[in-house]
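Number of protein chains: 2
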Amino acid sequence: MAAKDAARQAETDRRFMAAAIRLSRRHLGLTATNPSVATLIVCDGVIVGRGVTAIGGRPHAETQALAEAGDRARGATAYVTLEPCAHHGRTPPCADALVTAGVARVVGAASDPDERVSGKGYAILRADGIEVTEGVLAEAAADMLAGYLNRSLKKRPEVILKLAISADGMIGRRGECQVAITGTQARLQVHMMRAECDAILIGVGTAVDDDPELTCRLPGLEARSPTRIVIDRSLRLPPSSKLAQSARDVPVLVAAAGDADAGRRAGLAAQGVGFLAVEIDETGRIALPELLEDLAAQGTMTVMVEGGAETAAHFLDEGLVDRIALYVGPGTVGEGGVASPLDPSDPPEGFRLVREATFGNDLYREYVRTR
Amino acid sequence: MAAKDAARQAETDRRFMAAAIRLSRRHLGLTATNPSVATLIVCDGVIVGRGVTAIGGRPHAETQALAEAGDRARGATAYVTLEPCAHHGRTPPCADALVTAGVARVVGAASDPDERVSGKGYAILRADGIEVTEGVLAEAAADMLAGYLNRSLKKRPEVILKLAISADGMIGRRGECQVAITGTQARLQVHMMRAECDAILIGVGTAVDDDPELTCRLPGLEARSPTRIVIDRSLRLPPSSKLAQSARDVPVLVAAAGDADAGRRAGLAAQGVGFLAVEIDETGRIALPELLEDLAAQGTMTVMVEGGAETAAHFLDEGLVDRIALYVGPGTVGEGGVASPLDPSDPPEGFRLVREATFGNDLYREYVRTR
Numbered sequence: 001m002a003a004k005d006a007a008r009q010a011e012t013d014r015r016f017m018a019a020a021i022r023l024s025r026r027h028l029g030l031t032a033t034n035p036s037v038a039t040l041i042v043c044d045g046v047i048v049g050r051g052v053t054a055i056g057g058r059p060h061a062e063t064q065a066l067a068e069a070g071d072r073a074r075g076a077t078a079y080v081t082l083e084p085c086a087h088h089g090r091t092p093p094c095a096d097a098l099v100t101a102g103v104a105r106v107v108g109a110a111s112d113p114d115e116r117v118s119g120k121g122y123a124i125l126r127a128d129g130i131e132v133t134e135g136v137l138a139e140a141a142a143d144m145l146a147g148y149l150n151r152s153l154k155k156r157p158e159v160i161l162k163l164a165i166s167a168d169g170m171i172g173r174r175g176e177c178q179v180a181i182t183g184t185q186a187r188l189q190v191h192m193m194r195a196e197c198d199a200i201l202i203g204v205g206t207a208v209d210d211d212p213e214l215t216c217r218l219p220g221l222e223a224r225s226p227t228r229i230v231i232d233r234s235l236r237l238p239p240s241s242k243l244a245q246s247a248r249d250v251p252v253l254v255a256a257a258g259d260a261d262a263g264r265r266a267g268l269a270a271q272g273v274g275f276l277a278v279e280i281d282e283t284g285r286i287a288l289p290e291l292l293e294d295l296a297a298q299g300t301m302t303v304m305v306e307g308g309a310e311t312a313a314h315f316l317d318e319g320l321v322d323r324i325a326l327y328v329g330p331g332t333v334g335e336g337g338v339a340s341p342l343d344p345s346d347p348p349e350g351f352r353l354v355r356e357a358t359f360g361n362d363l364y365r366e367y368v369r370t371r
Numbered sequence: 001m002a003a004k005d006a007a008r009q010a011e012t013d014r015r016f017m018a019a020a021i022r023l024s025r026r027h028l029g030l031t032a033t034n035p036s037v038a039t040l041i042v043c044d045g046v047i048v049g050r051g052v053t054a055i056g057g058r059p060h061a062e063t064q065a066l067a068e069a070g071d072r073a074r075g076a077t078a079y080v081t082l083e084p085c086a087h088h089g090r091t092p093p094c095a096d097a098l099v100t101a102g103v104a105r106v107v108g109a110a111s112d113p114d115e116r117v118s119g120k121g122y123a124i125l126r127a128d129g130i131e132v133t134e135g136v137l138a139e140a141a142a143d144m145l146a147g148y149l150n151r152s153l154k155k156r157p158e159v160i161l162k163l164a165i166s167a168d169g170m171i172g173r174r175g176e177c178q179v180a181i182t183g184t185q186a187r188l189q190v191h192m193m194r195a196e197c198d199a200i201l202i203g204v205g206t207a208v209d210d211d212p213e214l215t216c217r218l219p220g221l222e223a224r225s226p227t228r229i230v231i232d233r234s235l236r237l238p239p240s241s242k243l244a245q246s247a248r249d250v251p252v253l254v255a256a257a258g259d260a261d262a263g264r265r266a267g268l269a270a271q272g273v274g275f276l277a278v279e280i281d282e283t284g285r286i287a288l289p290e291l292l293e294d295l296a297a298q299g300t301m302t303v304m305v306e307g308g309a310e311t312a313a314h315f316l317d318e319g320l321v322d323r324i325a326l327y328v329g330p331g332t333v334g335e336g337g338v339a340s341p342l343d344p345s346d347p348p349e350g351f352r353l354v355r356e357a358t359f360g361n362d363l364y365r366e367y368v369r370t371r
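Protein chains in written order, with full-length UniProt numbering: chain G, 1 to 371; chain P, 1 to 371.
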C-alpha cells in the first residue's frame with residue numbers, strides 16, 4: 001500500500017515537473033545572465049502559483065510563484081526546475097523565501113553547478129524541516145538549462161550548430177543566394193530556435209553571399225531576436241548589408257583581426273556595429289575558444305552557429321559544438337553544390353540522438369555531444 | 001656579498017615591476033572582461049619588449065611583449081603584473097608562450113583568483129626550469145587590478161564612491177544645478193577616473209537636477225567614456241535629458257522597477273536606452289546587491305558612483321562601497337546645502353587612507369575598505 005502511494009507520488013511529481021520544465025522554456029534566451037527556470041506551487045493537486053524567471057533575469061521564478069500563491073503556499077509543494085538560490089543579496093535568497101512562505105515540500109529537478117549555490121539551497125530547506133525530493137526529471141531540466149550549465153561549468157556558451165542539408169548532402173549552391181533546402185515549417189522552427197538563443201553566429205562568407213538579417217520574424221517574437229555575431233577576420237562585412245543596416249535595432253558584433261582596415265571599422269562602428277577583441281590562432285584564423293570564453297564572460301549562454309560550411313567545419317574541427325540541430329530536406333542540389341560538413345545518413349561521431357521529428361517534408365534530428 | 005647581490009636584485013625587480021604596473025594602468029576600463037595587465041621583457045637591464053592587454057581584452061600583454069622582444073626574450077627576465085594565464089584555448093596560454101620564448105626568469109606581482117589559473121601559470125614555468133619570483137609589489141599590482149579581483153572573488157564589481165565636498169561638508173545646494181565645489185584640476189582628475197572605469201552610476205535625482213552627460217571629455221580620451229547607469233525606480237529619466245539624448249553614442253542603462261510606465265520605457269528604448277532587470281528590496285528601493293551581481297555577470301569590473309547624496313548613502317549603508325575618492329574644496333556652500341553622507345574631517349569607518357594629494361586648492365583623499 002505504501003509502495004503504491006510512493007509510486008503514485010512519483011508519478012504526480014513527474015507530471016508537475018514536466019509542466020514546470022515546459023513553463024521554463026518561455027523565457028529561454030531572454031533572461032540575460034540568469035537561467036530561465038520555472039516554479040509551480042501545488043496545493044491538493046491544484047496549481048496555485050506559477051513563476052518563470054522574468055525577462056532580463058529578475059525577479060526569480062520562486063518569488064513570483066509564491067506571490068501568486070499567497071497564503072495557499074502554506075503546506076503546499078513547490079516544483080522547481082533548478083535548485084533554489086541560497087546566496088544572500090539584500091533580497092533574501094529563494095530558498096529562504098520558500099521557508100518563509102511555509103511550503104511543506106520542495107521537488108527539484110536540475111542541481112546548480114554554481115559553487116555558491118550547489119547543495120546549499122536544499123540544505124536551507126531541510127534545516128527548516130521541509131521535505132526535499134531532488135533530481136526529478138533532472139535530465140530533461142538540464143537539457144533545457146544547457147546554456148546556463150555550460151557557461152557555469154566550461155566558462156563558455158553552449159554552441160548549437162544548425163544545419164539544413166539536402167538529400168544529396170549539400171547545404172547550398174556555390175555563388176548563389178540562399179537555396180531553399182527546407183520547407184516553411186522547418187524555417188519557422190529555426191526562427192523559434194533563434195528566439196531561444198542569446199546569439200547567432202555566421203561566417204562573413206555567408207553574410208556576403210546571402211545577406212541574411214538573422215532576426216526572429218515570428219509574429220509576436222520580433223523583439224526576441226538575439227545578438228548577431230559575424231566571424232570576419234579581414235573585415236569584409238559590407239556597410240550596405242542587412243546586418244550592418246539593422247545594427248541599431250538588433251546588436252551586431254563582428255570578430256575581426258586587430259590589423260583589419262581601421263577606416264572600415266570606424267564606418268561600421270558609426271552604423272552601430274560592435275567589435276569583439278580576438279586572437280589569431282596558428283592557422284591564421286580567428287581563435288574560436290577565446291572568442292567563446294569572452295562571450296561567456298559577458299553573460300552569453302547559448303550561441304547558434306548558422307553557417308556556412310566553412311564556419312560549421314571550423315567549430316566541428318575544434319570540438320566546440322555541443323548540440324547539432326540537423327534539418328534534412330527531400331530535394332537535391334546536384335551540380336555545384338556545397339557539401340555539408342556532416343553526412344546526413346550517419347550520426348555524427350561523439351554525438352547521440354536526443355530528438356527526432358518531421359516538419360512537413362523535412363526530417364529533424366537533434367544530437368547532443370556525449371562527453 | 002651574495003646578500004648584497006640579492007638586495008640589489010630585489011631593488012631592480014621592484015623598479016621594473018613599478019614600471020610594469022604604471023604601464024598596466026594604460027588600458028584600465030578598456031579591456032572588457034579581462035584585466036588590464038602589463039608585461040616587460042628585460043635583457044641585461046634594458047627593456048626589450050613591453051605589452052599591455054589590448055583594448056577589448058585581447059591579445060594578452062605577454063604575447064605582445066614577447067613579439068616585440070623577439071629573439072632577445074631568450075635568457076631574459078619577464079615582469080608580469082598578474083600571474084600568466086594557464087588555461088588552454090586554441091592559442092597557447094601565456095605561461096607556455098613564455099616557456100617557448102626561452103625566458104630565463106619570471107617576476108610576478110599579483111596572483112590570479114581565477115581557480116583555472118591560480119598557481120598553475122607559475123607551475124608551468126617552474127616545470128620548465130624557469131626561475132619564478134612571486135609577489136613583488138603585489139599590493140600595488142592588486143590595487144591596480146582591484147576591479148578584476150573584486151569581480152572574480154565577490155562576483156560583483158568594485159564600487160568606487162566619488163564625493164566632492166565643500167569645506168562645510170556639503171555636496172551641493174538644494175534645487176540648484178551643479179555647484180562648483182572643486183577646481184579645474186580636480187575635475188580633470190574625475191574625468192580621468194571615469195575613463196578608467198567600466199561604468200558610472202547616479203541616482204535619477206541627480207540626472208533630473210543636474211542633467212549631466214557623465215562622459216569623459218579629456219582630449220584624446222573621449223572614446224573612453226564608460227557605460228552610464230541610472231538608478232531610477234519609477235522611471236523619471238526625461239527623454240530630453242543629455243543622458244537619453246546621447247544613448248546612441250555612449251551606452252545608458254536604467255535600473256527601473258518592472259511596474260514602471262511601459263510607454264515611457266518604450267520611448268526611452270527607442271532612443272537607445274537599455275534597461276536592467278531589478279529586484280525591489282523590503283525598503284521599497286532597487287536592490288543594489290542584485291544589481292551589482294548582474295553587472296558583474298555581464299563583465300563589469302568597476303563602477304564609479306557619482307551621486308547624489310541619497311544614492312551615495314544607499315551604497316554606504318548597504319556596505320557596498322569598496323573605495324572612496326574624496327575631493328574636499330576650500331569654499332563653503334552654507335544655507336540650503338545638501339549634507340555629504342561622509343564627514344570630510346573624519347576618516348570613514350571601516351576604511352583606511354591609501355592616497356592623499358592636492359589638486360590646485362582641493363584636497364584629495366582615497367580610502368579603501370579594510371575587509
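Honestly, the hints are just simulated from the structure, not real lab data.
Please note that a few of the clues may not be correct.
Given that identical chains are not distinguished, each listed pair holds provided it fits within a single copy or across any two copies.
Think about it this way: if two alpha-carbon atoms lie no more than 27 Å apart in a straight line, the pair counts; the simulated DSS-like pairs of lysine-lysine are [what the hints assert, rightly or not]:
(1) Lys4 / Lys162
(2) Lys154 / Lys120
(3) Lys162 / Lys242
(4) Lys4 / Lys120
(5) Lys4 / Lys154
(6) Lys155 / Lys120
(7) Lys242 / Lys4
(8) Lys155 / Lys242
(9) Lys242 / Lys154
(10) Lys4 / Lys155
(11) Lys162 / Lys120
(12) Lys120 / Lys242
Problem set entry | Up to 27 Å CA-CA - Lys154 versus Lys4, copy category | neither (42 Å within a copy, 48 Å between copies)
For this session: Go through the copies and call it for Lys120 and Lys242: within, between, both or neither, with a Cα cutoff of 27 Å.
Result: This pair counts as neither: shortest intra-copy Cα distance 48 Å, inter-copy 45 Å.
Exercise. Can you tell me if Lys4 and Lys162 fall within 27 Å by alpha carbon in one copy, between copies, both or neither?
Worked result: So Lys4 and Lys162 fail the 27 Å test inside a copy (45 Å) and across (66 Å) alike.
Exercise. Which holds for Lys162 with Lys120 at a C-alpha limit of 27 Å: within a copy, between copies, both or neither?
Worked result: The answer is neither: 37 Å in one copy and 37 Å across copies each exceed 27 Å.
For this session: Up to 27 Å between alpha-carbons, please classify Lys242 paired with Lys154: within, between, both or neither.
Result: neither (33 Å within a copy, 41 Å between copies)
For this session: Indicate which option fits the pair Lys155, Lys120 if close means a Cα-Cα distance not exceeding 27 Å: within, between, both or neither.
Result: Classified as both: same-chain Cα gap 22 Å, cross-chain 17 Å, threshold 27 Å.
Exercise. When no copy is specified for Lys162 and Lys242, does a C-alpha distance of 27 Å or less occur within a copy, between copies, both, or neither?
Worked result: Within one copy, since 21 Å is at most 27 Å while 43 Å is not.
Exercise. At most 27 Å between C-alpha atoms: does Lys154 with Lys120 qualify within a copy, between copies, both, or neither?
Worked result: both (21 Å within a copy, 17 Å between copies)
Problem set entry | Status of Lys4 relative to Lys242 across identical chains (alpha carbons, at most 27 Å) | Neither, since 61 Å and 68 Å both go past 27 Å.
For this session: Check Lys4 against Lys120 for me: Cα-Cα at most 27 Å, and say if that holds within a copy, between copies, both or neither.
Result: neither (32 Å within a copy, 54 Å between copies)
Exercise. Taking 27 Å as the upper bound on the Cα-Cα distance, should Lys4 and Lys155 be classified as within, between, both, or neither?
Worked result: Result: close neither inside a copy nor across copies, 44 Å intra and 47 Å inter.
Problem set entry | Homo-oligomer pair classification [Lys242, Lys155; C-alpha up to 27 Å] | Neither. Shortest intra-copy (31 Å) and inter-copy (38 Å) distances fail the 27 Å Cα cut-off.
The structure shown violates the earlier hints numbered 1, 4, 5, 7, 8, 9, 10, 11 and 12.
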